[in-house]
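Engineer: Take a look at the letters that make up each chain.
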Amino acid sequence: MRAIDAGVALCDVCHALEYVQTSDEHALCKRCGGAVHLRKPNSLVRTWALLLTSVLLYIPANVLPIMMVHSLGQSQPSTIMAGVIDLIQYDMVPIALVVFIASIVVPSFKLIGLALIVTSVQLKRPLTAKQCSRMYRFIEIIGRWSMLDIFVITVLVASVRFGNLATISADFGAIAFCAVVILTMLAALTFDARLIWDHLQEPEQAQNKISADACAD
Amino acid sequence: MQKLLDTHCIAPAHTAAVPGLAEPLTHLMGCHACDLLMERPEPGVHAQVLCPCCGASLYRYQPQMLRRSLALVLTALLLFVPACFLPIMEVRAFGYQTLDTVWSGVVHLYAAGGALQSIAIVVFLSSMLIPLLKLLSQFLVLLSILFNCARSYALVLYRLYQHVREWGMLEVYLIGILVSLVKLLDIAEPKIGAGLICFAALLFVQVWLDATMEPQQVWCALTEDASDAGY
Numbered sequence: 001m002r003a004i005d006a007g008v009a010l011c012d013v014c015h016a017l018e019y020v021q022t023s024d025e026h027a028l029c030k031r032c033g034g035a036v037h038l039r040k041p042n043s044l045v046r047t048w049a050l051l052l053t054s055v056l057l058y059i060p061a062n063v064l065p066i067m068m069v070h071s072l073g074q075s076q077p078s079t080i081m082a083g084v085i086d087l088i089q090y091d092m093v094p095i096a097l098v099v100f101i102a103s104i105v106v107p108s109f110k111l112i113g114l115a116l117i118v119t120s121v122q123l124k125r126p127l128t129a130k131q132c133s134r135m136y137r138f139i140e141i142i143g144r145w146s147m148l149d150i151f152v153i154t155v156l157v158a159s160v161r162f163g164n165l166a167t168i169s170a171d172f173g174a175i176a177f178c179a180v181v182i183l184t185m186l187a188a189l190t191f192d193a194r195l196i197w198d199h200l201q202e203p204e205q206a207q208n209k210i211s212a213d214a215c216a217d
Numbered sequence: 001m002q003k004l005l006d007t008h009c010i011a012p013a014h015t016a017a018v019p020g021l022a023e024p025l026t027h028l029m030g031c032h033a034c035d036l037l038m039e040r041p042e043p044g045v046h047a048q049v050l051c052p053c054c055g056a057s058l059y060r061y062q063p064q065m066l067r068r069s070l071a072l073v074l075t076a077l078l079l080f081v082p083a084c085f086l087p088i089m090e091v092r093a094f095g096y097q098t099l100d101t102v103w104s105g106v107v108h109l110y111a112a113g114g115a116l117q118s119i120a121i122v123v124f125l126s127s128m129l130i131p132l133l134k135l136l137s138q139f140l141v142l143l144s145i146l147f148n149c150a151r152s153y154a155l156v157l158y159r160l161y162q163h164v165r166e167w168g169m170l171e172v173y174l175i176g177i178l179v180s181l182v183k184l185l186d187i188a189e190p191k192i193g194a195g196l197i198c199f200a201a202l203l204f205v206q207v208w209l210d211a212t213m214e215p216q217q218v219w220c221a222l223t224e225d226a227s228d229a230g231y
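Protein sequence lines, in the order shown, are assigned to chains A and B. For the first sequence, position 130 matches number 130 in my numbering, and the numbering has no gaps at all. For the second sequence, position 153 matches number 153 in my numbering, and the numbering has no gaps at all.
Source of the hints: derived by calculation from the structure; they are not laboratory data. Don't take each hint at face value.
[Unchecked claim] Straight-line distance between alpha carbons at most 20 Å, and here's what the computed EDC-like set of lysine to aspartate or glutamate pairs gives:
1) A/Lys-30 / B/Glu-166
2) A/Lys-40 / B/Glu-224
3) A/Lys-40 / A/Glu-140
4) A/Lys-124 / A/Asp-91
5) A/Lys-40 / A/Asp-12
6) A/Lys-30 / A/Glu-18
[To be verified] What the simulated footprint calls covered on chain B by chain A, stretch by stretch (three residues with Cβ under 8 Å from a Cβ of chain A suffice, anywhere in the stretch; the number is not a length):
7) 66-73
8) 93-106
All figures in this text were calculated on a predicted structure; none of them were measured in a lab. Idealized CB from N, CA, C, for every residue including glycine.
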């Protein structure tokens, strides 16, 4: 049985159990003082909002240059994909693979995966709950790795300072990319994983009112 | 690693008997990932408890948690300053020589001005401030458990830790350093500095610490009598 059916909620922070009234959105945990929700409020709407914003920002993140290489009076823009291709050309395929996975595969997977999970929760079927929860856990773990490119730029900007011969500076694509990473991490945090299991355990004839109130919007 | 037996779950048939407001919840526990309500296994019996429904890890018992964590957190704090301020690498090219530290990376990004400063702030937060904040709060929480004092502050600090833990990204930074080392190979001769070794050591200790300091044990220790917690 679910905790929500017993009128019990887990603290978001310390996972202690607490009796919560359905209407009470500001309940606090007696153990740690953190927020306690039967289900995170407006979880689906907020996740969608964050996801859509990240999808929009994902375009400039990939199209705009993330850094400029200034050399002998000339400036050459470099996008994320160009960085990967450069690495391949220098015969550094393993490193190219790492960068490709961290900055292209992971963000795309996160966007598509979260969208799939949220849709399947809303439509109450396509993917099984096991698949969804496995995917969600995976997305939570890999999310931060897309920051890789931002850190690479940081190190390059600081270490390539050779006067007029060569300098590197960050560019606007990096801001968009950074925002995508942060927003998708927030989207994963806002999504309430418990929703994945809700429609499985709800008796079909009497859809649980508590969860409908707490999270359907 | 012992999996929680299915019999520990409350079977739906018993549900009517279980709830009932004001009944104490101490013998129960819930899964944060799928909301399953189950009986709390005896503390210390299982090395690890997994949710029988969704497989999420609920609890992992760490023997000697306090002492081991204190040792690790002290090591990490000692390593923090050299990791951030000693040069991670030294790059020579065209007669120029640059030294790069974690801190100088932030400074040079910030110096670019304009909107790009936001990236510098994100890098500063995720590679320096939040990791330091995490370590300090862990350290103070452990001290509070050890000396049995200032519990209410420790609760606030540990809550803060739980909120920021995901945003410290030392391990990503380390891979970032390695990727840029490789990228620099074709235009310059990068040399690894002492900072990089400290940074890698800091990362190693911090990951170990995060695995050792089991949150459920810490919460229990912070709210119950030190003698009772048994950790």
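Engineer: For a quick check of understanding: which of the numbered hints are violated here, in increasing order?
Structural biologist: 1, 2, 4, 7
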